[in-house]
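2 protein chains.
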Amino acid sequence: MTENEMTLALIKTLKEGKKTVFQEIINELQPYDLAQQYQYLPAKHRNKFLLYLSIEQLTYLIVELDQDDQLEVLHKLGTEKSSKVLDLMENDEIASLLTDVDPEKVNELLSEMKQEESEAVQYLMNYPPETAGRIMTDRYVWIPKHYTVHEAVEKLKHFYELAEYLNYIYVIDSEKKLVGVASYKDLLLGKPTDKIEDIMFSRIVKVDVYTDQEEVAKLINRYDFISMPVVEEDGKLVGIITVDDVIDVVIQEANEDIEKLSASGKAIDFNTKPTIAAYRRLPWLILLLFIGLVSGGIISGFEGTLEQVVALAFFMPLIAGMTGNTGTQSLAVVVRGLVSQELNFKQSLKLIFRELLVGIIIGIVCGILIALIAYVWMGNIILGLVVGSSLLATLIIGTLAGTIIPLILYKFKVDPAVASGPLITTINDILSLLIYFGMATMFIARLT
Amino acid sequence: MTENEMTLALIKTLKEGKKTVFQEIINELQPYDLAQQYQYLPAKHRNKFLLYLSIEQLTYLIVELDQDDQLEVLHKLGTEKSSKVLDLMENDEIASLLTDVDPEKVNELLSEMKQEESEAVQYLMNYPPETAGRIMTDRYVWIPKHYTVHEAVEKLKHFYELAEYLNYIYVIDSEKKLVGVASYKDLLLGKPTDKIEDIMFSRIVKVDVYTDQEEVAKLINRYDFISMPVVEEDGKLVGIITVDDVIDVVIQEANEDIEKLSASGKAIDFNTKPTIAAYRRLPWLILLLFIGLVSGGIISGFEGTLEQVVALAFFMPLIAGMTGNTGTQSLAVVVRGLVSQELNFKQSLKLIFRELLVGIIIGIVCGILIALIAYVWMGNIILGLVVGSSLLATLIIGTLAGTIIPLILYKFKVDPAVASGPLITTINDILSLLIYFGMATMFIARLT
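Protein chains in written order, with the UniProt record's numbering: chain A, 1 to 448; chain B, 1 to 448.
Hints may be right or wrong, so weigh each one.
Given that identical chains are not distinguished, each listed pair holds provided it fits within a single copy or across any two copies.
[As the list claims (entries may be wrong)] Only pairs whose alpha carbons sit at most 20 Å apart, straight line, appear in this in silico EDC-like list of lysine to aspartate or glutamate: (1) Lys105 <-> Asp87; (2) Lys155 <-> Asp186; (3) Lys76 <-> Glu64; (4) Lys177 <-> Glu104; (5) Lys206 <-> Glu233; (6) Lys145 <-> Asp100; (7) Lys191 <-> Glu154; (8) Lys273 <-> Asp100; (9) Lys195 <-> Glu80; (10) Lys157 <-> Glu93; (11) Lys346 <-> Asp269; (12) Lys273 <-> Glu342; (13) Lys346 <-> Glu5; (14) Lys177 <-> Asp415; (15) Lys114 <-> Glu256; (16) Lys12 <-> Asp186; (17) Lys413 <-> Glu232; (18) Lys206 <-> Asp244; (19) Lys84 <-> Asp208; (20) Lys157 <-> Asp194; (21) Lys157 <-> Asp186; (22) Lys15 <-> Asp415; (23) Lys15 <-> Glu307; (24) Lys236 <-> Glu303.
No lab work stands behind these hints, which were simulated from the structure alone.
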């Protein structure tokens, strides 16, 4: 059955009230596909669709939806059902659902949940967004270090439902401090009477609750882990972060880098409303408008030069465009390189020197090329030289600006990607026009 | 011990020839950290470092290195040791190591390996890069469907070392076709005498060997899987793809999107040599140079208009820059949206309509703003109106171009991100200049 056929079949069962057939179709679906079907369904059938789902199926559904749809579904379910769904959801999922929601609404939803669950969610919500504490889950299995392998396996069997990924079991001391980790393999290969303490691995890679989620993703990827334990300041184990959440983080962080590098506005996807999308993009565009005015101001400062040699205007977009692009190229290398690698001072210097060489090479190639073209086109060798040497200079400067500025931001713990929109574009635009018109003005006698 | 102290300690043991102390330090390291230490080490100590490592440690090390360093280390190890290391490495890792290596060198390396291993690697290398077949591993556990739970658990225990992630066991029929999957949980909760056939899950999510790796990443992320089975055309199980490789794919694909969106040149990282980095970036820049010449040509076509009203040049960078940026904004939304969601025709139309509205809103806001500024600055209301209405028109067109062009490419199965550099920039540059100077020429009598 294709997705489309399935939607039609579901609508048919809903119309005819055949709950059993409906359940047969739904039972075969993965959570993601269930959510897809809900979204394909015409609005008038959705209430009945929700009515026909079990609490467990509703939980699967809601986890896969966008925040707006999640809140809508919870509202449609009414207090009784939605409280059951919330109790079944994982705490990190509820915390993510409640992010940026009106505080009154948050309290209303939390009050519907079991005391214990609600407290656990509130505990997560205390951590800032995009930190380890906020995305961790409490579904893992821990054992005291004095346990034997046999006892550990028994506990594992008992909590099987609870543990999302069963590759590791975490070992704690009497103060709940994380002291070791044992893999399932260790348990299988060990003797039942072996002490966990003796077979566990104690050089644990762990993260603090306040660690940035990007850092967590970097570590999990670096060590090829399936999960990563999260501890409080005193070393107390409070949760784990699983690799499936890390993939979401990697995608989210890549999107944020792209948003910043292309100044494309925050968190706009296919479902964002036009007014909201416009609202999120406008700040960048208005900023660019004023940057454009600065460029305009510089050009107007050289009005005299431009009036004498109007042909100078022909090469203006080329020089500004290429300088901007070479800066963005360097910026992208720095920003994405930092995703998987740290840089110390020596490595930064090496990178700057590398980019300087790159700037010189591309500057010479493009400079000679445009000098020849300008000479042939305009029949003025001085104009060719002015355009060519301006491009050489601006490409070198553009490359360096695109490298050094994000490195300085990185050094001061500011996300280097924010440099793109405002800083690099402004600086490169202004510098390239100043150099170009400056040179042209110097040689104005030979150009006319 | 910090990383730096560790490097110093290692150098000391190497100089003094204390292999036991060296091994004590090394034993505590994760593979990634081992590779870091190798890279921190001054070149003169590296040979001895390699000499002190066991074959297993060398394998851990080599897996974490860049391709250039991998080949260098293999060369340093000599035929005997390097063949042992290659035999221990996973096949997908060897396949990735051999990608884009000189065919002669590939044959040399393969001939050092065991017949069986070498054939397995050659099998993977038959698949095109960035497909499921190329990144899959053969380290998984399969069982025939007539097995009982007891037999399955016994086989699992036996092959524990082999299986990278042990959450699933794959079930095949007599022709090696994949017919089901059973989780460890199913095995634990089942009775030892249960038939696997009866407890396995048979609606399997799987991928074909030729599936694009980006698609694999999308599926694994969508269903929160730890691994995904890979089958040949006839349904025969030939490998699995694990989530740790998927994170690498997600990062790689995000980098490729950024490279294309910012035209920043292919695969440049902190270690790329300056000549190679320049060589990879130059094609884009030279293309941009010719695009810039087209703009120059258009401007020269309006030389008469420009000579009469030089002030028109002041707003040129602003209009071209903002049109280019609004196009990139829309492009980024489309390209990144497609990472996690597919679009059908109806959804595409909805998106185009949404972007049209966005274009109108931002066009009106920015158009009015610049009209007022131009009027106040230049004291000419007609100039203000020309600049403002040009910007309104170009922003709408830029937004639509940035949406429609990648959607058309997507429809024809071309990666929409390639549109950025050449297409969107050219089209938006040319259109914005034509509209701007076209309008100005129409009102030239009122402008002077």
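These are the hints, each one checked on the structure:
no., hint, verdict
1, Lys105 <-> Asp87, "within (17 Å within a copy, 59 Å between copies)"
2, Lys155 <-> Asp186, "both (15 Å within a copy, 17 Å between copies)"
3, Lys76 <-> Glu64, "within (17 Å within a copy, 51 Å between copies)"
4, Lys177 <-> Glu104, "neither (36 Å within a copy, 55 Å between copies)"
5, Lys206 <-> Glu233, "within (12 Å within a copy, 42 Å between copies)"
6, Lys145 <-> Asp100, "neither (40 Å within a copy, 49 Å between copies)"
7, Lys191 <-> Glu154, "both (14 Å within a copy, 16 Å between copies)"
8, Lys273 <-> Asp100, "within (17 Å within a copy, 45 Å between copies)"
9, Lys195 <-> Glu80, "neither (46 Å within a copy, 41 Å between copies)"
10, Lys157 <-> Glu93, "neither (25 Å within a copy, 35 Å between copies)"
11, Lys346 <-> Asp269, "between (40 Å within a copy, 16 Å between copies)"
12, Lys273 <-> Glu342, "between (38 Å within a copy, 18 Å between copies)"
13, Lys346 <-> Glu5, "between (61 Å within a copy, 17 Å between copies)"
14, Lys177 <-> Asp415, "neither (33 Å within a copy, 49 Å between copies)"
15, Lys114 <-> Glu256, "neither (35 Å within a copy, 46 Å between copies)"
16, Lys12 <-> Asp186, "neither (52 Å within a copy, 34 Å between copies)"
17, Lys413 <-> Glu232, "neither (22 Å within a copy, 48 Å between copies)"
18, Lys206 <-> Asp244, "both (17 Å within a copy, 18 Å between copies)"
19, Lys84 <-> Asp208, "neither (32 Å within a copy, 39 Å between copies)"
20, Lys157 <-> Asp194, "both (18 Å within a copy, 18 Å between copies)"
21, Lys157 <-> Asp186, "both (16 Å within a copy, 11 Å between copies)"
22, Lys15 <-> Asp415, "neither (53 Å within a copy, 41 Å between copies)"
23, Lys15 <-> Glu307, "neither (75 Å within a copy, 72 Å between copies)"
24, Lys236 <-> Glu303, "neither (68 Å within a copy, 73 Å between copies)"
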